[in-house]
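Each residue of the sequence shown is one higher than the one before, counting from 1 in my numbering.
Take the hints with a grain of salt, since some may be wrong.
Taking CB as the label site, the calculated pair distances span [as the list claims (entries may be wrong)]:
1) D174 <-> A120: 40 to 48 angstroms
2) A240 <-> L116: 18 to 26 angstroms
3) T236 <-> M122: 39 to 47 angstroms
4) M1 <-> G63: 44 to 52 angstroms
5) P118 <-> P306: 44 to 52 angstroms
6) D174 <-> L116: 45 to 53 angstroms
7) G105 <-> I207: 33 to 41 angstroms
8) S60 <-> E159: 30 to 38 angstroms
9) P306 <-> E159: 45 to 53 angstroms
10) R178 <-> H91: 39 to 47 angstroms
11) D26 <-> G63: 17 to 25 angstroms
Simulated from the structure, these hints should not be mistaken for lab results. None of these values were measured; they are calculated from a predicted model. The beta-carbon is built from N, C-alpha and C at its ideal position, and this holds for glycine as well.
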Amino acid sequence: MHWAPEDLPLAISGLLAFPITPFDADGDLETAALRRQVAMLQSFGAQAIFPACGTGEMQSLSGDEYIRVIRACVEEVDGRIPVVAGVGFGHSIAKEMLAVASDTGADGALVFPPYLDPGASMARRDYFASLADSTELGLLVYQRGSMVFTPSEVTALSEVPNIVGIKDGTGRVDLLVRQIAAAPGKSFAFFNGVPTAELVAPALRAIGIDSYSSALLNFVPEIARAFYDALAAGDTDSVADLMARAVVPFVQLRDRAPSYAVSLVKAGVRLRGLDVGPVRPPLAMPTASDLDDLVGYINGLGLDTPIHGSAKGAR
1 MHWAPEDLPL
11 AISGLLAFPI
21 TPFDADGDLE
31 TAALRRQVAM
41 LQSFGAQAIF
51 PACGTGEMQS
61 LSGDEYIRVI
71 RACVEEVDGR
81 IPVVAGVGFG
91 HSIAKEMLAV
101 ASDTGADGAL
111 VFPPYLDPGA
121 SMARRDYFAS
131 LADSTELGLL
141 VYQRGSMVFT
151 PSEVTALSEV
161 PNIVGIKDGT
171 GRVDLLVRQI
181 AAAPGKSFAF
191 FNGVPTAELV
201 APALRAIGID
211 SYSSALLNFV
221 PEIARAFYDA
231 LAAGDTDSVA
241 DLMARAVVPF
251 VQLRDRAPSY
261 AVSLVKAGVR
271 LRGLDVGPVR
281 PPLAMPTASD
291 LDDLVGYING
301 LGLDTPIHGS
311 AKGAR
């Protein structure tokens, strides 16, 4: 199945997966491991796959590697759920990435902010609208860093036919309430893309944002699935328990170094049995001490059993 832009807002609801990008011992792309990771994510109920985004080290991939990453995910998913490719950097490169994503079979694209934020509202709108005009894919715009939209900017973006939503990296409830109100009369998606999105998921669910990206789904999928299900069921006791035992402790580990938003997740995947290699520079892998703490975190959740065969050599 292929999702048209107008169908994407509903199709990407639920628990969303942003897979890591595996590399082998020589630092080369390892698509077999990527396909195993994507298959695992689907088995735990991921409703969409977002390859080559932040967790997938988009910034480190060559053009050929980008093609291979998107193709591997499209082939593994085989039309069961949408594949939404990461694109970015700047106008020309983003357009080239959009063309590749479309040609490779992706259903949509997540557009990262450009290298320099133009600041002016119309310049921002024109940038994303120009990218939308260059493709038939449905586009989600990533709100993060300095790229935070006013309600009027959200209205302007929602009026572009194939811009279908916003991934929010701010977690600002007051802002999101105003942005949601600024895009009436059209199916326009908002989803929670805060790093370790579970941390703010209860607050954002209260304003109608139910779907979110889960880094935890990559390496503790049992916990990620249980948290999402408890939240959806209104089981506040289980949500509070998992927040205290799993979400907050991981955030505390993640906050030890900027790279850990990616490299700690990748290390966790390795500890659960899939050799995905290290992150590429300038990102840094966890220190030995922090890796020990990650092992203790996983074991403390009762998840020492690998999800990918043997974990031998994972450390």
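Evaluation of the provided hints:
1. At about 23 angstroms, the CB distance of D174 to A120 disagrees with the hint of 40 to 48 angstroms.
2. Between A240 and L116, the C-beta spacing of about 42 angstroms breaks the proposed range 18 to 26 angstroms.
3. Separated by about 44 angstroms at the C-beta atoms, T236 and M122 satisfy the suggested range of 39 to 47 angstroms.
4. Checked against the hint of 44 to 52 angstroms, the C-beta distance between M1 and G63 comes to roughly 28 angstroms, which is inconsistent with it.
5. About 47 angstroms separates the C-beta atoms of P118 and P306, a value consistent with the hinted range of 44 to 52 angstroms.
6. Look at D174 against L116: about 27 angstroms separates their beta carbons, and that is not inside 45 to 53 angstroms.
7. Distance hint check for G105 and I207: the Cβ-Cβ separation is about 34 angstroms, which falls inside the suggested range of 33 to 41 angstroms.
8. Checked against the given bound of 30 to 38 angstroms, the beta carbons of S60 and E159, roughly 35 angstroms apart, stay inside it.
9. The hint said 45 to 53 angstroms for the Cβ distance between P306 and E159, and at roughly 48 angstroms that hint holds.
10. For R178 paired with H91, a C-beta distance near 28 angstroms fails the hint of 39 to 47 angstroms.
11. Distance hint check: the CB atoms of D26 and G63 are about 19 angstroms apart, consistent with the given range 17 to 25 angstroms.
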